[in-house]
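Residue numbers (this note's numbering), protein chains in the order written: chain X, 639 to 1170; chain B, 639 to 1170.
In short, the hints are calculated from the structure, not lab data. Fair warning: there could be bad hints in the mix.
Copies of the same chain look alike in the list, so a pair counts if it fits in one copy or across any two.
Stated by the list, open to error - Okay, derived cross-link-like pairs now, DSBU-like style, lysine-lysine, Cα gap no bigger than 30 Å in a straight line:
#1 Lys926 <-> Lys980
#2 Lys700 <-> Lys1124
#3 Lys1068 <-> Lys765
#4 Lys945 <-> Lys926
#5 Lys1157 <-> Lys700
Here's the letter readout for the chains.
Number of protein chains: 2
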Amino acid sequence: MLGAMQDWTMRITHVIDHAARESGTREIVTRWADGSETRTDWSGIRTDALKMAQALEALGLKTGDKVASLAMNHSRHLVSWYGVAGMGGVLHTVNPRLFEDQLEYIVNHAEDKVMLYDAMFQPIIDKMRDKWTTVEHYICFDSGDQSQSFEDWIGAQDGAYEWVQGSETDPCMICYTSGTTGNPKGVQYEHRSTVLHALAGLQPAAFNFSSASVMLPVVPMFHAASWGLPYAGAMAGIKFVFSAVNDPAVLHKLMLDEGVTDSAGVPTVWLAHFQYCDKEGIDLPPLKAATIGGSACPRFMIERLMKNGTRVQHAWGMTETSPIGTVGGPTWDWDQLSFEEKVDKTAMQGRPIFGVELRTLDLDDPTKVLPRDGETSGALQIRGPWIIQRYLKAEADAADPEGWFDTGDVGILHPDGTLQLTDRTKDVIKSGGEWISSVELENAAVGHPDVAEAAAIGMYHPKWDERPVLFVVKNEGADISADDVKGYLEGKIATWWMPDAVEFVDDIPHTATGKISKKDLRDRFADYKLEG
Amino acid sequence: MLGAMQDWTMRITHVIDHAARESGTREIVTRWADGSETRTDWSGIRTDALKMAQALEALGLKTGDKVASLAMNHSRHLVSWYGVAGMGGVLHTVNPRLFEDQLEYIVNHAEDKVMLYDAMFQPIIDKMRDKWTTVEHYICFDSGDQSQSFEDWIGAQDGAYEWVQGSETDPCMICYTSGTTGNPKGVQYEHRSTVLHALAGLQPAAFNFSSASVMLPVVPMFHAASWGLPYAGAMAGIKFVFSAVNDPAVLHKLMLDEGVTDSAGVPTVWLAHFQYCDKEGIDLPPLKAATIGGSACPRFMIERLMKNGTRVQHAWGMTETSPIGTVGGPTWDWDQLSFEEKVDKTAMQGRPIFGVELRTLDLDDPTKVLPRDGETSGALQIRGPWIIQRYLKAEADAADPEGWFDTGDVGILHPDGTLQLTDRTKDVIKSGGEWISSVELENAAVGHPDVAEAAAIGMYHPKWDERPVLFVVKNEGADISADDVKGYLEGKIATWWMPDAVEFVDDIPHTATGKISKKDLRDRFADYKLEG
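With the sequences and hints as input, model every part of the structure.
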């Protein structure tokens, strides 16, 4: 039957075409690693993307071919998002912080043919070049001392190009997850999933983007598609301010100079920003909103930003979810809440936007779907149009037949739809048939002024099955005992959650993305024994 | 190839499921025609929609069958939007203000099997019943004196129902256009087009919906899907306040009592509201935003609402465009504009949201695409995922092979994407090879305090091809001459736009939707002759 409404293939090329047509002169500012600054606009990004698509075809690349990027946030990286998708290719944004064996694995596994990289990562290129068996071309985004420079490369083209057409479900981007076990796994974003995710991301409950928005994304472009910001921003025609370095002094100056209204990043970004402002004795930048995700945002951070007049949007998602799962904007009862209640609400992970469906399963009996009662915690599952079906080259689906994908997170669903994360499935501690959240123990412990970092893991216990042990890194020069820590925890956690032991360590192991590696911690203390 | 991301069929059932799941207790308030008030919530709407879907199946309705509604805005009408789509049916929202022959034509043409109606429209039902050849069942939304009542009808079901699955491009709603010539034409909205349109409608540049929004839509549910508000509102989980009557006193009280933040309607709604507030000596309601569309919003209305602290969103669209084409929210240079400049900008029709593409063609040479220079006016065309492809039962497409649909409007595109409507293609006046906007002439003329209404049409002129004649309805008791009107127009329009004649008439003919019918005016003055 002929359609009543128009066929319109959801392709990323519509996004950049719209931005260039309707917001062509809206600026894209980049502060480069060498301190220089350049300005282009959505029209310029599109023109360069057309040239880049031509340049890729001139290299012999075909539809479905993979192009890797090893780069920070800047306008040329943005060009590559649209240029690669525009010629029907797939952009693989590589995390430069990965370990060497992971870098080797993912580039070979994705079969990347071109490597676009920042000059600052030349040492990585030099080390990896011989190990990457599929990469045929190296292009340097900035200097080009060792490779052809990006500007010269695309500059040889005239931009007279028609975007490649194709299916909505063609892949356009690959991001690898950096799990704590096994090889990284590739998540392939599709044109359709990307467009829907970005469109949903515009809404007030998510990024709240209008043409007046000025966004400085601190979240790297190699992390879960930079949360989809480069696509959503183009749809709304926002102004982007990119920084290729994350030095708080640089970010702070950019925010003031460029009239930045919105930012997005992990909590540590704000930690560094607070320290910078305190040291300099200056105010925080007057942002309208800060989207914070990647890991839990501490209460004091929420409070300080809120007191600064900045709307804090605590978001949850993962590479497998494009990544927006939930975002915490003001709820409808917001005006009736006290400041404390607002902070409580903001400390949770927010509510799912349209498209995302969540449920929690009993940790002991995964056939049992838990009530949304704001109390019962369970294994969090998610499904929807921008949620993973299958990892790249995997032989089985990552989602079950009904579309439910196991997030590996443990959380509580509240009656108003709010998600409250409490732990990771593999880290939650089972004691006497009941569950203890390792994350909540850690969060309580780091509130102690002498505790720099804390990690709780479950250790075998002959009677209770598992009991929590807290590993603590003291602040420099601090002098505290295990009993001091336990005393501090009293009243802050349920009595039966009290760790059986507090052990002081010099350091706690981390993953490539900076998260605590409980796996490595468990390995290190494999012989640890609790007294019965 | 197996998908990397999940298959997820864009169906309207996802919208109501999401609203009930995530915002189940968010209220839907109705003020009925008899003065009573009822309250339900998104969870209640879904439960009733499930029962209604069952009730429709119990009547023998199948996928693709049409259900008509002849109703004002209320919660039961809302239930039917989701209930009909949920059983795979198609809701045909009938405009009760249509003329009898149009009412007869559209219900028979759509082949509606069920008629849902408000008791206040019983006289229409009584008159049309014998003429409607396909309608088998009559259900009354409220009283049910003459037919089964809606509540009894769905109340007989238990709601244990699974939504009908189907294709994204299945139709879900039909709205007929009420053109000035020929029979009305049916526009079929599809599940996919409706979901995309609603998702795009959430963004700050459109309805700006978050869970905190409280919307009283004055635009009827039988007008172009009430601009998609019932879908977008469900996606964001807003509170809806419906009124089955449009009395300004009722609307005003509801806005204050229910904490309404947003409204949407045609300009005359606000005209009546201004008059009411002036008469009562009270302030306008403290709305955050008013979306105004359907016809051009006068400057004084924009000014008054803006001074009231209400963001005015001047929108343009038509039944064939779902209807959002452009919406005028603040542009990125907003803060730098003077109040006058803001009003100027707001008086235009706004900018296309992502998904919508516009162009203008030379009125003399339709092969020539005009520049977006903010000066040249031309025939406006539109394309995108929620734009019509083909009218119901038509034998040819309404859009050209590239998807361009002729809107019949004449407009100017500005470099920043803003659309400025100037006329209708069939009303614009061609004089000596140049075009004169009949609408601008009319708008200038109605600024005269003694002019109640004005309509300009082009009359044959032996030398200039056409010259404008202005037909004027005087205010009661006013005593003005043609020269007075011309004198008033001087300086407000280009000198060569000055009407060759000003004719006073007792009335100007209107269409069923209240627009000036230039066709009828031309017919009435078919023998009119201008002196050469």
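| said: When Cα atoms must be at most 30 Å apart, do Lys945 and Lys926 count as within-copy, between-copy, both, or neither? | reply: Both: 12 Å inside a copy, 24 Å across copies.
| query | Which holds for Lys926 with Lys980 at a C-alpha limit of 30 Å: within a copy, between copies, both or neither? | reply | Both, since 16 Å and 22 Å are each at most 30 Å.
| Can you tell me if Lys700 and Lys1124 fall within 30 Å by alpha carbon in one copy, between copies, both or neither? | Intra 61 Å, inter 67 Å, cutoff 30 Å: neither.
| query | 30 Å Cα cut-off: does Lys1068 pair with Lys765 within a copy, between copies, both or neither? | reply | neither (44 Å within a copy, 72 Å between copies)
| Under a CA distance limit of 30 Å, which applies to Lys1157 and Lys700: within one copy, between copies, both, or neither? | neither (41 Å within a copy, 56 Å between copies)
Consistency with the previously given hints fails for numbers 2, 3 and 5, ordered from lowest to highest.
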